[in-house]
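Just so you know, the protein sequences line up as chains L and D, in that order.
Note that my numbering gives residue 174 to position 174 of the first sequence, counting from 1, and the numbers run on in steps of one.
Note that my numbering gives residue 71 to position 71 of the second sequence, counting from 1, and the numbers run on in steps of one.
Accuracy of the hints is not assured; some may be wrong.
Said to hold, decoys possible - Some chain L residues judged to face chain D by a derived CB distance under 10 Å, without partners named:
#1 17
#2 18
#3 19
#4 77
#5 89
#6 156
#7 162
#8 163
#9 164
#10 165
Stated by the list, open to error - Just a sample of chain L residues kept apart from chain D, beta carbon distances all over 12 Å, derived:
#11 25
#12 26
#13 27
#14 68
#15 98
#16 138
#17 139
#18 145
#19 146
#20 155
#21 183
Quick caveat, the hints were computed from the structure, so don't treat them as lab data.
Just so you know, even glycine gets a beta-carbon here, dropped at the ideal spot from N, CA and C.
Protein chains: 2
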Amino acid sequence: MENQLCINLPPWVADEIGPDRAYPSDSDKMGLAVRLAAANVRHGLGGPFGAAVFEEDTGRLVAVGVNRVLEHRCSTAHAEVVALMLAHATVGHHRLDAGPAAGYVLATSAQPCAMCYGAVGWAGISRLIIGARREDVQSITGFDEGPLHPDWKNELERRGTAVVTDVLREAACDALRAYHDGGGAVY
Amino acid sequence: MENQLCINLPPWVADEIGPDRAYPSDSDKMGLAVRLAAANVRHGLGGPFGAAVFEEDTGRLVAVGVNRVLEHRCSTAHAEVVALMLAHATVGHHRLDAGPAAGYVLATSAQPCAMCYGAVGWAGISRLIIGARREDVQSITGFDEGPLHPDWKNELERRGTAVVTDVLREAACDALRAYHDGGGAVY
Numbered sequence: 001m002e003n004q005l006c007i008n009l010p011p012w013v014a015d016e017i018g019p020d021r022a023y024p025s026d027s028d029k030m031g032l033a034v035r036l037a038a039a040n041v042r043h044g045l046g047g048p049f050g051a052a053v054f055e056e057d058t059g060r061l062v063a064v065g066v067n068r069v070l071e072h073r074c075s076t077a078h079a080e081v082v083a084l085m086l087a088h089a090t091v092g093h094h095r096l097d098a099g100p101a102a103g104y105v106l107a108t109s110a111q112p113c114a115m116c117y118g119a120v121g122w123a124g125i126s127r128l129i130i131g132a133r134r135e136d137v138q139s140i141t142g143f144d145e146g147p148l149h150p151d152w153k154n155e156l157e158r159r160g161t162a163v164v165t166d167v168l169r170e171a172a173c174d175a176l177r178a179y180h181d182g183g184g185a186v187y
Numbered sequence: 001m002e003n004q005l006c007i008n009l010p011p012w013v014a015d016e017i018g019p020d021r022a023y024p025s026d027s028d029k030m031g032l033a034v035r036l037a038a039a040n041v042r043h044g045l046g047g048p049f050g051a052a053v054f055e056e057d058t059g060r061l062v063a064v065g066v067n068r069v070l071e072h073r074c075s076t077a078h079a080e081v082v083a084l085m086l087a088h089a090t091v092g093h094h095r096l097d098a099g100p101a102a103g104y105v106l107a108t109s110a111q112p113c114a115m116c117y118g119a120v121g122w123a124g125i126s127r128l129i130i131g132a133r134r135e136d137v138q139s140i141t142g143f144d145e146g147p148l149h150p151d152w153k154n155e156l157e158r159r160g161t162a163v164v165t166d167v168l169r170e171a172a173c174d175a176l177r178a179y180h181d182g183g184g185a186v187y
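The following block holds chain L by itself, in its conformation from the complex:
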């Protein structure tokens, strides 16, 4: 019986981030999430999904995530969960809204699945920025997005997380298409 599992990032993530870690606009933030998704496909490491957490007031990058399900052999290692876990590790608190910034933004290249949607609610995220839609993910890749709450957006906003959709949606869909065209596994 195993009693430890470590979630980490592939080394090439550093190349995608680059030296300048300020991402002022929502397009800047989503641009990084989508680049991470596309790079994960290019490196053949699993699902075409990327995510990143930023400080709301400064735009400074806090943590990134890519889908690590196949690499870690772990079904929960979705890009959003990886980014949130590493954001907690960086901030040092189980609620990001207890951290020093005025708020914390999660940008994700595709609409969170049922699990990641629930995870966003617990992490202390003030704003969620979404690229591709749930129906894009399902129609382009065939991934099931799970039993999401039918009124997911209002439920999240009622709990203090603002939601912005369709940011760089087409670029996010390009990463999904690249995965599908490359014969990426659907799990």
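Given the structure of chain L, go ahead and fit chain D onto it with the hints provided.
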């Protein structure tokens, strides 16, 4: 920026498991989940929640989890997610139903929150056994359970996970009460 976070178990977990690792009945399975929940409260390490994964055909224990949110400073480290991650590490596959057993059962001392519910759907769990109800958790401890899908049970069963509720419900509620009476933090 941190690029790794490790999920593990407190050392006392071994004492709760004991030398005999066969748990034939649903009560046996839930008994372990509830003992883990109660022990987490007793050791003052966070939320009153325990979970365990078993092989369906043999009843053999595969992995356990307790709530590690405060210890790991990580909002996603719920008992179910910890148990599922460690079950993946033990089985060596991101789908437990690709493992050698005929099926894998998750017993959880309390109804999964919105995030853990989503996680169950991805892990390849054939059967979910629940102790305390969502309304028990909310009324006894004050923990929010999040925006769960209104038809959560059917949605899960439709995807191949059978659901059994109210197993040792009162014992599971005792762990919740012990946490509340001890002034446990609600986060």
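Structure-based check of each hint:
1. 17: holds (8 Å)
2. 18: Interface hint status for residue 18 of chain L: violated (13 Å vs cutoff 10 Å).
3. 19: The hint is violated - residue 19 of chain L has no Cβ within 10 Å of chain D, the shortest such distance being about 13 Å.
4. 77: Holds, about 8 Å.
5. 89: OK, holds: residue 89 of chain L within 10 Å of chain D, min 4 Å.
6. 156: holds (7 Å)
7. 162: Violated: closest Cβ of chain D sits about 15 Å from residue 162 of chain L, beyond 10 Å.
8. 163: violated (12 Å)
9. 164: violated (18 Å)
10. 165: violated (17 Å)
11. 25: With a cut-off of 12 Å, residue 25 of chain L remains clear of chain D, as the shortest Cβ separation is near 20 Å.
12. 26: holds (21 Å)
13. 27: holds (21 Å)
14. 68: violated (10 Å)
15. 98: violated (10 Å)
16. 138: holds (14 Å)
17. 139: The assertion about residue 139 of chain L holds, with a minimum of 19 Å to chain D.
18. 145: violated (9 Å)
19. 146: violated (5 Å)
20. 155: Per Cβ check, residue 155 of chain L is inside 12 Å of chain D; nearest 4 Å; violated.
21. 183: holds (18 Å)
Violated hints, listed in ascending order, are 2, 3, 7, 8, 9, 10, 14, 15, 18, 19, 20; each of the other numbered hints is respected by the structure.
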